[in-house]
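Undergrad: Letter by letter, the chains look like this.
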Amino acid sequence: KAGVTQTPRYLIKTRGQQVTLSCSPISGHRSVSWYQQTPGQGLQFLFEYFSETQRNKGNFPGRFSGRQFSNSRSEMNVSTLELGDSALYLCASSPGTSGWGTDTQYFGPGTRLTVL
Amino acid sequence: GNSVTQMEGPVTLSEEAFLTINCTYTATGYPSLFWYVQYPGEGLQLLLKATKADDKGSNKGFEATYRKETTSFHLEKGSVQVSDSAVYFCALSELVGNEKLTFGTGTRLTIIP
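Residue numbers (the working numbering), protein chains in the order written: chain C, 1 to 116; chain P, 117 to 229.
You may find that some hints are simply not true.
Stated by the list, open to error - A short list of chain P residues far from chain C (calculated; beta carbon distances all over 12 Å):
1. L135
2. T140
3. T142
4. Q154
5. G157
6. L162
7. T167
8. R183
9. H190
10. S209
11. T221
To be verified - Beta-carbon label-pair distances, calculated as ranges:
12. T53/C to G145/P: 20 to 26 Å
13. E82/C to S195/P: 43 to 49 Å
14. T142/P to T53/C: 24 to 30 Å
15. R67/C to G125/P: 35 to 41 Å
16. N77/C to S195/P: 43 to 49 Å
17. R183/P to N71/C: 37 to 43 Å
18. G62/C to G194/P: 47 to 53 Å
19. G28/C to T226/P: 35 to 41 Å
Honestly, the hints are just simulated from the structure, not real lab data.
Ideal Cβ placement from N, Cα and C applies to all residues, glycine included.
Turn these sequences into a full structure, and let the hints steer you where they fit.
TA: Printed below as a string of structure tokens:
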């Protein structure tokens, strides 16, 4: 089975621009979660989608948004980029059907976003 | 809210040494507990997990036991190798119908030959 894939792997943007990152989950997985990893804040949860619905959201400003398509692929969008948005953005997928947090999340390699 | 506290790093050990990385958690319910590993330039890989008290997760020589009484999930390995050099993250998942993971700060482990 193919793993979680994320595109692009690297991205350079300037302040004020917007960016869209893509994530393809493992086949059959219906839950996709996004995390931001920075040296200062560590790994922080952004949001989770299940069956095209946002099921949970972390404490990030409204500039961060996402969506999930009927094939479970997900995108996240960051508008009006700030220098502090430079980070590794990780996507994780899981079956999402246990409903009790016991599903293992499988991570992609991440997208490294640099904001200049 | 939920939180995970990990042993401060970095940790440097000689090959074949015994490894312990401490992890304690705070949670309102009965979370599942995980150890993930991140190699340079890569995403996170699940190392092991435990879903209830007294469960022991194990993989690749690593072990961790879910201790509810001490709210701990310490990672151990009897004999480390150079290839174990990586960053290790302890995490918990709430049993409230979602897939959110709460992570510790990570512990960078370097093994020298």
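Undergrad: None of the hints should be skipped; say for each whether it holds.
TA: Now for the hints, and whether the structure bears them out:
For L135/P, the non-interface assignment is confirmed: its Cβ lies about 21 Å from the closest Cβ of chain C, beyond the 12 Å cut-off. Every C-beta of chain C lies more than 12 Å from that of T140/P, the closest at about 16 Å, which supports listing it as non-interface. No Cβ of chain C comes within 12 Å of the Cβ of T142/P; the nearest lies about 16 Å off, and the non-interface call holds. A cut-off of 12 Å between C-beta atoms contradicts the statement that Q154/P is not in contact with chain C; the least separation is 9 Å.
Residue-level check failed: G157/P sits 8 Å from the nearest beta carbon of chain C, not beyond 12 Å. Not every CB of chain C is more than 12 Å from the CB of L162/P (nearest about 5 Å), against its label as outside the interface. Distance check on T167/P: its Cβ comes as close as 5 Å (rounded) to a Cβ of chain C, failing to clear the 12 Å threshold; non-interface status is violated. R183/P, annotated as away from the interface, keeps every beta carbon of chain C farther than 12 Å; the closest lies near 18 Å.
Separation of H190/P from chain C is adequate, the least Cβ-Cβ distance of about 19 Å exceeding the 12 Å criterion. Distance check for S209/P against chain C: the nearest CB is about 4 Å away, which does not clear 12 Å, and the non-interface claim fails. Residue placement check: T221/P does not keep its beta carbon more than 12 Å from all beta carbons of chain C (closest about 5 Å). A C-beta distance of roughly 23 Å is found between T53/C and G145/P, which places it inside the suggested range of 20 to 26 Å.
Between E82/C and S195/P the Cβ separation comes to about 46 Å, which falls inside the hinted range of 43 to 49 Å. The hinted window of 24 to 30 Å between T142/P and T53/C holds, with their beta carbons roughly 29 Å apart. Between R67/C and G125/P the Cβ separation comes to about 37 Å, which falls inside the hinted range of 35 to 41 Å. Hint check: N77/C to S195/P, Cβ distance near 46 Å, so the stated range 43 to 49 Å holds.
Between R183/P and N71/C the Cβ separation comes to about 41 Å, which falls inside the hinted range of 37 to 43 Å. G62/C and G194/P have their C-beta atoms about 49 Å apart, which keeps the hinted 47 to 53 Å range intact. Under the hint 35 to 41 Å, the C-beta atoms of G28/C and T226/P, about 37 Å apart, fit the expected range.
Hint compliance for this structure: hints 4, 5, 6, 7, 10, 11 are broken, all remaining hints hold.
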